[in-house]
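Number of protein chains: 2
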Amino acid sequence: MSKKVGVLLSGCGVFDGTEIHESVLTLLFLDKVGAEVICTAPDMNQLHVINHMTQEVMDEKRNVLIESARIARGNVLDLKTLGANDMDAIIIPGGFGAAKNLSDFALKGPECEVHSQVKRILAEMLKAKKPIGAICISPAMVTKALADVHPEVTIGIDTGTAAAIETMGGKHLSCKVADIIEDSSNKIVTTPAYMLGPGIKDVAVGIEKLVNKVLDLVN
Amino acid sequence: MSKKVGVLLSGCGVFDGTEIHESVLTLLFLDKVGAEVICTAPDMNQLHVINHMTQEVMDEKRNVLIESARIARGNVLDLKTLGANDMDAIIIPGGFGAAKNLSDFALKGPECEVHSQVKRILAEMLKAKKPIGAICISPAMVTKALADVHPEVTIGIDTGTAAAIETMGGKHLSCKVADIIEDSSNKIVTTPAYMLGPGIKDVAVGIEKLVNKVLDLVN
Numbered sequence: 477m478s479k480k481v482g483v484l485l486s487g488c489g490v491f492d493g494t495e496i497h498e499s500v501l502t503l504l505f506l507d508k509v510g511a512e513v514i515c516t517a518p519d520m521n522q523l524h525v526i527n528h529m530t531q532e533v534m535d536e537k538r539n540v541l542i543e544s545a546r547i548a549r550g551n552v553l554d555l556k557t558l559g560a561n562d563m564d565a566i567i568i569p570g571g572f573g574a575a576k577n578l579s580d581f582a583l584k585g586p587e588c589e590v591h592s593q594v595k596r597i598l599a600e601m602l603k604a605k606k607p608i609g610a611i612c613i614s615p616a617m618v619t620k621a622l623a624d625v626h627p628e629v630t631i632g633i634d635t636g637t638a639a640a641i642e643t644m645g646g647k648h649l650s651c652k653v654a655d656i657i658e659d660s661s662n663k664i665v666t667t668p669a670y671m672l673g674p675g676i677k678d679v680a681v682g683i684e685k686l687v688n689k690v691l692d693l694v695n
Numbered sequence: 477m478s479k480k481v482g483v484l485l486s487g488c489g490v491f492d493g494t495e496i497h498e499s500v501l502t503l504l505f506l507d508k509v510g511a512e513v514i515c516t517a518p519d520m521n522q523l524h525v526i527n528h529m530t531q532e533v534m535d536e537k538r539n540v541l542i543e544s545a546r547i548a549r550g551n552v553l554d555l556k557t558l559g560a561n562d563m564d565a566i567i568i569p570g571g572f573g574a575a576k577n578l579s580d581f582a583l584k585g586p587e588c589e590v591h592s593q594v595k596r597i598l599a600e601m602l603k604a605k606k607p608i609g610a611i612c613i614s615p616a617m618v619t620k621a622l623a624d625v626h627p628e629v630t631i632g633i634d635t636g637t638a639a640a641i642e643t644m645g646g647k648h649l650s651c652k653v654a655d656i657i658e659d660s661s662n663k664i665v666t667t668p669a670y671m672l673g674p675g676i677k678d679v680a681v682g683i684e685k686l687v688n689k690v691l692d693l694v695n
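Protein sequences appear in the order of chains A and B.
For the first sequence, the working numbering assigns the number 477 to the initial residue and increments by one for each residue that follows.
For the second sequence, the working numbering assigns the number 477 to the initial residue and increments by one for each residue that follows.
These are calculated hints, taken from the structure and not from any lab test.
You can trust all of the hints, since none of them are fake.
When chains are identical, the list treats them as one kind, so a pair holds in a single copy or across two.
Listed next, the in silico PhoX-like pairs over lysine-lysine satisfying Cα-Cα at most 20 Å (straight line): (1) 556 / 595; (2) 689 / 677; (3) 508 / 652; (4) 677 / 480; (5) 508 / 677; (6) 677 / 479; (7) 595 / 647.
If we strip away everything but chain A, and leave its shape as in the complex, we get (with noise of 0.2 Å):
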């Protein structure tokens, strides 16, 4: 039987939503070893919409989960109808949406917090024993969710957000952008990305390998 691996997303663009390229080459991976995909975002709106050409605010209101159904070609849930039960692992990539829509990092830095449903599920991955994979900068957000834990995560090697994850309560490793952190005590896997970059081709190696350690994790 195939496993099943959420997709957690967070709008639709690096820097209002989720990380396009990431969340494709995530789809990609998970699709060649066989996985089922569920995509999945919260119902809310967008802190804000950003021009991607100029990265100045726009005078619009956009919704994270209609937006996300953009990279999920239509096949999304809203994340409230889902729990730990129906799927055997959680992936959520990066961009801004992670740190501005699935938190407030983005705007709090360590004193965020973290949307109630995002919280809930990543608390019920964890319970579950079932693992967590975490993209460029999800893993902060992760660590605030998880603080109780500990979480031993990844953001490449940006010391500012690795000091808000140790203040948050975790442990950062600086990590390569083709590598990933494995934290085997919470199933948890991390991976810089773009954090890092500097190309597609670049990412989707750290990404491959998370996707692949994801998976081996799974009971």
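Take the given structure of chain A and dock chain B to it, following the hints.
Relative to the frame of chain A, chain B by itself:
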């Protein structure tokens, strides 16, 4: 010296813009072989904005160039600023954007018109004997733009679209998702991608072949 390849986008999302998976896979395979990518799109309003969960039209306006920047992580140029001298080849991913924004093929079928800037760049590439790659539904638009030279293309096996291509002056050849069709006299390479699917790993095979063939055809 690395080859420069234009990637012509048409928005961000399969139902009203560029198909996201196809465009990201194009960027991945171009990066893997060391090509320099120039993402571009016309500066125009999308025909409409589609809610990708419900497929209903939303009461919004979005700009093709600005939305395309989401896929390009900000690095996208207005098509009108580029000519065939700026690139060695051009690739056009699919998605309804090719049939709603780059042309109105989705509305008018064989009677469609191609956006003036798109028609111009394709004519320039043809004249300069520089290769054109077209994915998914894009070959229909390319056929209309270059009808005078009777392009040999594929959109897979869809009989209605195939008939429309023949009506517009092209020749349609059936093709599997893992394969490509090469019109060697016009240097046009096409692959069905999500016109056939079924999944991202399947369309990735054809897109990788298309990217490699397009680069082979660069003088």
